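> Protein chains in written order, with UniProt numbering: chain A, 1 to 233; chain B, 1 to 233; chain C, 1 to 233; chain D, 1 to 233; chain E, 1 to 233; chain F, 1 to 233.
These are calculated hints, taken from the structure and not from any lab test. Hints are supplied without guarantee of correctness; some may be wrong.
[Stated by the list, open to error] In silico BS3-like cross-links for lysine-lysine, where the CA-CA straight-line distance does not exceed 30 Å: (1) K145(F) with K141(D); (2) K145(C) with K145(B); (3) K141(C) with K141(B); (4) K145(A) with K141(E); (5) K141(B) with K145(C); (6) K141(A) with K145(E); (7) K141(C) with K145(B).
Remember, predicted model here, so these are calculated numbers, not experimental data.
Number of protein chains: 6
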Amino acid sequence: MRVAGMNWMQMEARVRADDRCVLPIGSVEQHAYLSLATDMTLAERVALEAAGPLDVPVFPVLPYGLASGFTAFPGTVSLRLSTYLSVVSDILDSLYRTGFRRILIVNGHGGNTPVTAQISEWLNGHEGARVRFHDWWRAPKTWAKVIEIDPAASHASWMENFPWTRLEGVTLPEEAKSRIDFDLLAQGGAADKRALLGDGNYHGLYQRPDVEMEALWAVAVEETRALLTHGWL
Amino acid sequence: MRVAGMNWMQMEARVRADDRCVLPIGSVEQHAYLSLATDMTLAERVALEAAGPLDVPVFPVLPYGLASGFTAFPGTVSLRLSTYLSVVSDILDSLYRTGFRRILIVNGHGGNTPVTAQISEWLNGHEGARVRFHDWWRAPKTWAKVIEIDPAASHASWMENFPWTRLEGVTLPEEAKSRIDFDLLAQGGAADKRALLGDGNYHGLYQRPDVEMEALWAVAVEETRALLTHGWL
Amino acid sequence: MRVAGMNWMQMEARVRADDRCVLPIGSVEQHAYLSLATDMTLAERVALEAAGPLDVPVFPVLPYGLASGFTAFPGTVSLRLSTYLSVVSDILDSLYRTGFRRILIVNGHGGNTPVTAQISEWLNGHEGARVRFHDWWRAPKTWAKVIEIDPAASHASWMENFPWTRLEGVTLPEEAKSRIDFDLLAQGGAADKRALLGDGNYHGLYQRPDVEMEALWAVAVEETRALLTHGWL
Amino acid sequence: MRVAGMNWMQMEARVRADDRCVLPIGSVEQHAYLSLATDMTLAERVALEAAGPLDVPVFPVLPYGLASGFTAFPGTVSLRLSTYLSVVSDILDSLYRTGFRRILIVNGHGGNTPVTAQISEWLNGHEGARVRFHDWWRAPKTWAKVIEIDPAASHASWMENFPWTRLEGVTLPEEAKSRIDFDLLAQGGAADKRALLGDGNYHGLYQRPDVEMEALWAVAVEETRALLTHGWL
Amino acid sequence: MRVAGMNWMQMEARVRADDRCVLPIGSVEQHAYLSLATDMTLAERVALEAAGPLDVPVFPVLPYGLASGFTAFPGTVSLRLSTYLSVVSDILDSLYRTGFRRILIVNGHGGNTPVTAQISEWLNGHEGARVRFHDWWRAPKTWAKVIEIDPAASHASWMENFPWTRLEGVTLPEEAKSRIDFDLLAQGGAADKRALLGDGNYHGLYQRPDVEMEALWAVAVEETRALLTHGWL
Amino acid sequence: MRVAGMNWMQMEARVRADDRCVLPIGSVEQHAYLSLATDMTLAERVALEAAGPLDVPVFPVLPYGLASGFTAFPGTVSLRLSTYLSVVSDILDSLYRTGFRRILIVNGHGGNTPVTAQISEWLNGHEGARVRFHDWWRAPKTWAKVIEIDPAASHASWMENFPWTRLEGVTLPEEAKSRIDFDLLAQGGAADKRALLGDGNYHGLYQRPDVEMEALWAVAVEETRALLTHGWL
C-alpha cells in the first residue's frame, strides 16, 4: 500500500493495528544502457508488490544514495556517506515516532549497504524497534534464481534489465561484457573507475528473455514478502 | 523529460547541448484529508509538465523535507534541518558535476524554504552556477490565480486538492476551515501544533470544482515553464 | 534590562519570578552607506527599549548571522547556515537551562529567518518552551508605518537610517535607488550579487527626516513590547 | 576603531591600506557578584582602547563562548565546543575574505582557549594569514602587574572588578575567598562544580581600590596595543 | 617497519623512495573468551609481518572501530560511524600529505567495512592516490585455508584464537558453538544481540591445534604481503 | 593491567568490583630525532606502569591526536579538532557504558589539551562520572623533577629521550637547541612552523644520561599512580 494513497488519519489507524512498514531506498546512477533510475525503480516496485497483499504501508522510495564510485558518469547523483547516515536516521526516527516497530528496508543498490552500521547504532537507541535490511537482488532465493538463469550477472547487466528499467529506442550490445577487475576498481577515484568500467556493466549479457525476467521477479517479490510475514525477532 | 527515462550516455549528450535541469523537492507530511505525499506529488508533476515540451531533464523528486512542525501527525517524515542542508548541497554538487549550470528547483512545501540560505552559500563556491528556487504554488501568477478563485486557501485546503492528491473513499468536510492563528502555531512544539491544527487544514474549503483546479494547474505549469525559458542571470 | 547589568544571583531570582527573556540577533554586513553593524544595533536597541519597562532580561545581541549573499562586500561577516543553527540552538539550550520558558527572539536581519526551522525542531525537544521569532522591521504594525511613510523602502535604505546607524561625515545620495531585480539577485553567487547591487541599497531613498524615523521607531518599540506582554501560547 | 562606525566602502579602503584587525571574544557566564557579561565587556573594551589610536578596526565582540563548567549558574550561556570551532572559523573566513591578513584575537575568557587548536588548523589552509590569540589578562606584563598588586587573584575576584563590570547596589564580601581546589573542580559535572564554587569566585578579594585597577588596565591596554604594532611573523 | 621505529627525517627519505605504506585498523570488543583486543592485535601483527621484509612503514594500529552491535558486552569500545568516517579520512589526509600514494589498509574487524564507502569518496578528491582495503581473515587465500581447516569458523571462534590473542588461565569450552541466526542478530539493539550471542562466539570450536593456526597465519601473512607487491592500479 | 589481557567476562567482573580505568592518549608526530610515536609510547607506558600494581585496566592508547602544527613534517598524523572531540567522547561513552565512573586520561601530548573542554561538556551529561586529565610530563612533581635536572627542556628534547623512544643508529646533536620563539610559532601555518622549528626540538639538549631519565620516569610513574589512588571527587 503506497503511503501516497493514505492520509494521516488512515495512517494513525493503520499503525495502531499493525506496526510493520516498508522503506525502499535506491540510487540514481549509471546503469550502462539502462535507466539512471534503475535502482530506485526496482526497490520501490518490489516493495510495493510484496507489501500490497498485506496492506503494509510502503513509504516513497528514497531515490538518492551512495554512488561516489560513479560520479564520473553524467547523471549520477551521490550523497556523501555522512549525509546519507543522517537521512536514513531521520527517516527511521519519523517512522518510529509514527509508531512503527518492524521496519523493512528494501534496498536496491549495493553501494548503500554501509548504512547498516548506522542502523545498528540507531537500534541501540530505540527500544523495541526492529529493522531488517534487505538487498532484494542478492537475497538467498533471488540470487539462487539469478545463478540458475545465468551466473554471469551483475550491476547493469541483464539481471537489472526489466521492462520497467530498459529504455525505448536504445540498442543493447549482444555480447556479454567480460568481468571487471573488482580489486582494481576499488583502488582509485571516479575517473579511474570510469576508465575501467567502459559502458558501466560489470559483467554479463545486457538482456535476456522476458520470460526469465518475470520468473526472477516473481521470486524476488515472494522472498521480499516473506520477510514481512516471517522471522521477526 | 524524466531522468528515469534516460541512461548516462543520453545524459552526457543532453548536458553538452543544454545546461538546464529541474530538481523537484517535496515533503511527506500531514495534509488533512489529502494524501500524505501531496507536496512531493505536486512538485514533481508540475515540474514534469513544465519541462516536458522543452526536453529539460527532471530529476526524481526528493520526497522528504522539513516538516518538524507536523511530527505529531502520524505518517509525517521530517529531516532535521542540518540533514536537509547536506542532502540538497550534495544533490546540487552532483548536478554541477554532471555539467548543469542552470538548475531550477521546484519546491512543493513552504517549510523547505530555509534551504535557500544553503543554496546561497553553495552558489558562492560554484563558478558559473545559477539556481532558481521556485515555490510553485505561491509564485506570482499562480498565487494570483488562487486568490482569484478563493482567497481562503492554504496548506491542505482546496488549493492542494487535485485529482492526483485526493484519496478515494475519503469524505471531506463541506464547510470551510476557519483561519489558524499562525502566531500561536509558531510558538510551541509539535504536540501544541497538532492541538491547534485539528485536522491539519490551515484555512478554507476542502474542495472546489475540478474545472477551477484545472485552470489553476494550467497557470502553474505555464509559470514554471517560463522560469526555464526566461530570466536567467 | 541588560543581562550585562545582572549577576547570576540576580538572574536566578528573576527567572523564578518571571520566565520571559529576550535574545536579539543581528548581522554584520554591508548596509550601503550605513554602519556595517546596522542590523545588530537595531535589533539590540529595539529589544532593550521594549523590554526595559518590563524588567525582562535582554541577552547580549548575537552580532553575526547569515550573510552569504553579501560576502563580496568587505566587512561582511557570514556564518555558515550549519554553524548558525548550532549557535542558536546552544543559546536556546542555555536560556532554557536557566529557567526561561517564554523567549522572544528579536531579529534584525531578514537573512537570518531560516533559523526558524531550527527553532521549530528545538521546540519539539523542550517541554513547555515557547519561542517567538520577531522580525522587528516587518512586523505588521511597523511595516504598515514604513509603508505609510514611503513604500520605497528596503535593506540599507532610509528605513534603516537612524541616528544610531548613520555614520558621521558620510554623504548620502539624494535620489532614490531604483528597485533591484530580486529574482536575478537570488540566482548567482556573491560576486554576481555585488555587481547587481552597486552600493548595496535595494530600493528607495537613503535618508528621510528624523521626525519620521522617530515615529517609526516608536511603533517598533511598542509592537515589540506587546509581544512580551500579550499573545503567548 | 569600531567596525560599527564604518560602512563597507570605508572598510574596503582601510583593508587595502592596512591588513590588521581585531576580533574580541568573550563569554556570558557567572562572575560571582560581577556582571554576567564581564568577559565580553573586558575583551571588547581592552581591544577598543588598544586599537583606537592605530585606527585598526575592531569587530563586534563575540559575546558567547565556552562555559560548560558554569551551566549550573543561571544566566550562563555556553556554546558546545563543536559549535564554537565553527563560529570562530567562519568569522576568520570572513575577515580573510575581506582582506585581513594579520588578525589579533583578544580573548576575555580562559575557557575559550581550546579554540587555538582550531585556529592552528585554519592557518594551515589560509595562505599568508597570521593570527595572534591574546588572553589579555594573563599576558606576561598584565599578569605580572596582577601579581604585583595581589597574587590572590582569579576568575570573578578583584582582578575582574572594574567600574565597567561591577554592578550598582551589589554589596561584596569583604574577605578574600580561599582557593578553590582546581583538581576537584575539573573532575565532575556542572552541578558538582557549582557545589564546589559557592559564589563563583575562584580565589582572592572581591574588590580592590580603583587606582590599582586603573593601573592594571593601563598595562593591559598597552600590552594589547603592542601586539598590533610589534612582533608579527 | 614500524613507524614507531622512525623519525620524521627517515620518513621523509623513505617516502621519496617508495610511496607505499600500511595502516592497520582494529576494534576493541568482545571476543568471547579471547582478548578484547583481538582485532587490533591481529591486524597490526599481520601488517607488520607482511610489510617487514619490504621495509614498508606500518603506522600504529587504530585500535577503536565500529562495534555498536557489541556495546552490551563490557569492555567493548565503539565509535559512532560518523566519527569513524572522520578519523579514517583524517588519517588518510595525513598519509597523503606525507607523500604516500599507495596505501594498504589492513582491517581486522568485519564491522569496520562500511568505511570503504568513505574511502571511495576520499579517493575522488585525492589525485593519484590508491587505497586497498584488506580484510585479512577473509581474503580469498586465507579464507580458503580457514575452510580447509574447519568450515565452522567465525568471530571469536578458533580462527581468531592465536597464541597472541588467547588469555592465560582461561578455560575454553570444548564443544563447538552452534551457528548464530544472523538474520535475527541484525534486527534488534545491543541488548537483544547479547541475549542471542551468549558468550559471543558466532559459530564453531573455540580452539584448534597451534600447528593449524600457524599454517593459517603463514597464508595470511603471505597474502597480505602480496597486496603490497602486486596488483596496484 | 592491559585491556588486551582481558576478555569481556573478566572486564564485567572487574568493573563491578572497581570503577576505575585508564585511557592513554598520544600523538604520532615529529619529535626531531626521536620516534614519531614518542607521545603515544610514553603515555601508554607510564599508564601501564602506574596502573599495573593496582590491577586497574588500561585501555589501548589512542595513538593519533591533534598535531596540525606539525603537518609539514613527514610522518605526522593529525586529526581535525572536530574529529578528535568525537573520538574522545565516543570512547568515554563506551567506558561509561561498561560501568567505569572514575576515568584517568593519561595524555602524552600538549596539543591534545583542548579536548578538556569537550570532557567538561561530556561530564555534564553523565551522572556520577569523574574524569581526570593528566598531562603526565608536566604534572607538578614530574615537572619539578625535569626542572631539577635541566630547565632547558621541551618537546623533542632530552626530556622525551628515553630508551623506549630513541632510535638505534641515529646520531644526536651534542649541543642544546636554543629556545624557539613561541609567539612567532603560533602565528602562521604548518610551513611557517617547520621553517621556524628546524629539526623540531623546541629547546634544550637532545639527550641526557639514562640514570637521570630513570629517575625522572620513576617520579612520573609514581605521580600518575597517585592520581588513581587519591584525590577523586
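> For the pair supplied as a hint, K141(A) and K145(E), is the alpha-carbon distance within the 30 Å limit?
It holds: about 28 Å lies between the C-alpha atoms, which stays within 30 Å.
> Taken at face value, is the distance from the CA of K145(B) to the CA of K141(C) at most 30 Å?
28 Å, holds
> For K145(A) and K141(E), compute the direct alpha-carbon distance and say whether it is at most 30 Å.
Answer holds: K145(A) to K141(E) is near 28 Å, not above 30 Å.
> Measure nothing beyond the straight line between the CA atoms of K141(B) and K145(C); if it is 30 Å or shorter, mark the hint as holding.
Given pair K141(B), K145(C) holds - Cα atoms ~28 Å apart, limit 30 Å.
> Check whether the Cα positions of K145(C) and K145(B) lie no farther apart than 30 Å.
It holds: about 29 Å lies between the C-alpha atoms, which stays within 30 Å.
> Hinted pair, alpha-carbon criterion (30 Å max): K141(C), K141(B). Please report holds or violated.
Within the cut-off at roughly 27 Å; holds.
> Do the alpha carbons of K145(F) and K141(D) lie within 30 Å of each other, as the hint requires?
28 Å, holds
When held up to the earlier numbered hints, the structure conflicts with none and fits them all.
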